[in-house]
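Same order as they appear, the protein sequences are chains A and B.
Heads up: the first sequence begins at 2 in the numbering used here, then just goes up one per residue.
Heads up: the second sequence begins at 2 in the numbering used here, then just goes up one per residue.
Treat the hints as calculated values from the structure; they're not laboratory data.
Note that beta-carbon positions come from the ideal geometry of N, C-alpha and C, so glycine has one too.
Watch out, some of these pointers could steer you wrong.
[Unchecked claim] EDC-like, lysine to aspartate or glutamate: derived pairs with alpha carbons at most 16 Å apart: (1) Lys23/B <-> Glu141/B; (2) Lys264/A <-> Asp242/B; (3) Lys264/B <-> Asp242/A.
[Unchecked claim] Selected chain B positions facing chain A (Cβ under 8 Å, derived; list incomplete): (4) Tyr196; (5) His201; (6) Arg210; (7) Gly216; (8) Phe219; (9) Ala226; (10) Pro230; (11) Val237; (12) Gly250; (13) Leu255; (14) Glu271; (15) Ala277.
Residue strings, one per chain:
Number of protein chains: 2
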Amino acid sequence: MLRRLVVVGPGLIGGSFALAHKARAGVAEVVGLGRSPASLERALALRIIDRIALDAQEALAGCDLVLIAAPVAQTGTILAALAPFLERSTVVTDAGSTKASVVTAARAALGQRIGQFVPAHPIAGGETSGPDAARANLFEARTVILTPLAENSPAVIGLVDAAWRDCGATVVTMTPEGHDTALAAVSHLPHVLAYALVAHVAAARDGARNLALAGSGFRDATRIAASNPEMWRDIVLANRDAVLAQMDGYGALLETLRDLIAKGDGAALEALFSAARATRNALSPAPSATPEP
Amino acid sequence: MLRRLVVVGPGLIGGSFALAHKARAGVAEVVGLGRSPASLERALALRIIDRIALDAQEALAGCDLVLIAAPVAQTGTILAALAPFLERSTVVTDAGSTKASVVTAARAALGQRIGQFVPAHPIAGGETSGPDAARANLFEARTVILTPLAENSPAVIGLVDAAWRDCGATVVTMTPEGHDTALAAVSHLPHVLAYALVAHVAAARDGARNLALAGSGFRDATRIAASNPEMWRDIVLANRDAVLAQMDGYGALLETLRDLIAKGDGAALEALFSAARATRNALSPAPSATPEP
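Chain A extracted, bound-state conformation:
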């Protein structure tokens, strides 16, 4: 059980982390920090946090764990603000969707204290955001990826590992680069493709009419295009090289498919579609989906 947990950004992810600790392992006090006073007030009203910090120094006194749950581009700025007041026994983790850029920013911000920071990424969330979307069971049966650093002691890694497991999550470990390559494929590319699909359909001359004919397939395929634009701008830019590589690989496959369709190669098309269906059906059962907004 944690004594004092500081959540920087008690929205969907940070708020759910706080609620999970309150509901499961217990936590003596949750303190909220963030750039939006309205969001902090809302988190307080929802009892996600127990109080709003006066400032970073006051928040960090006697703090066991800090979770940074903010758009990845802000991680360096946040860590730099926390660094002067970070006690030796305080451990910091984050929830950013990219890891190499976060590690670079953390090294610059924390210097000799980098060993106190254990990067993490919970595979959870969705197109909802803010304190009102937070729920205690968000991380249950979800995967959290830790990308520990050479400077992290086993005790520090163990504390962060336990903190995520205490939320009900399964924890796996990867390198920051391995994480970024994998997530570029299964998360960042799909978000770019979904935004592009909606933009493409809407831009057509009969876009509005066509969208009115969209069925549940289009809705499912584009649900993630309702995700936070600022957050996803930051993610694709923070993981630029891996995202571009995925877009190029995907674009090449689309060209192959285009050729098969143009020359009417039904057998090859059916084979590709069948293999994709088998792969899709072999995915492990999904955790409960975020409801349609």
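For chain A, the structure is supplied; the task is to place chain B on it using the hints.
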């Protein structure tokens, strides 16, 4: 109320049409025809059809309405088999996902009797298929597109219009070409993209490991990659020109996005993502989604 309804292919779509008529407007007898004896037996066991036809001639005697619910490439063959036994008072409709190719095939198969055929496309269905997936409420609050022909009399169009409305659907009218262009954008392209996304991710060196990290966003975005490969092979080939045009337009937008990411144009990226989110959020509320398989 229909006297005799013949369903060619009493699977998800054909079976749901039969069940909707039984549950709502009523129908004296539903007769099943199809290429799969096992599927027909299953539809009979589920009371979707009242009996299995001996042959086309026997099935069509005294028949008010025929629904062809089979992969679009089979429509011409099916209509040619029915044509010799089609009584003057029998009306035929279909449920194919493309319309121009179906109309061409229907003209060839029916000749002078083309006026008895009213092409239709219910925007319903999903990645499930077969009689076991059929349900009486599948078409409730869904859109059905009719693409009537110059040869159709008002009475014939009215009968088909009423038959789909009797299933709870909203009926709209388009030209076959307008239908095919619109559906290429909001249905055919998304299916191709989803199959391609799964194939692309699976083909990577760490494909299996990456897929194990896929969250609910990837699952939603690729749900339609679990759709029937034969059916979708037929659809993209039947609507080849429109599908290729959509792929080219989408590919051009992806190139634009790629450039924005490569040069780090965060403002333009956020603007594009924000516009897409606004469009996505403005879609009318979805009908109940097909459950995850």
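The hints, checked one at a time:
1. Lys23/B <-> Glu141/B: holds (14 Å)
2. Lys264/A <-> Asp242/B: Holds: Lys264/A and Asp242/B sit about 11 Å apart, inside 16 Å.
3. Lys264/B <-> Asp242/A: holds (11 Å)
4. Tyr196: With a closest approach of 4 Å, the Tyr196/B hint holds.
5. His201: holds (5 Å)
6. Arg210: It holds, given that the least Cβ distance between Arg210/B and chain A is near 7 Å, below 8 Å.
7. Gly216: Holds - the Cβ of Gly216/B comes within 8 Å of chain A, reaching about 4 Å at its closest.
8. Phe219: holds (5 Å)
9. Ala226: With a closest approach of 4 Å, the Ala226/B hint holds.
10. Pro230: Holds, about 4 Å.
11. Val237: Since chain A brings a Cβ to about 5 Å from Val237/B, closer than 8 Å, the hint holds.
12. Gly250: Given a least distance of 6 Å, the restraint on Gly250/B holds.
13. Leu255: Holds - the Cβ of Leu255/B comes within 8 Å of chain A, reaching about 6 Å at its closest.
14. Glu271: holds (4 Å)
15. Ala277: holds (4 Å)
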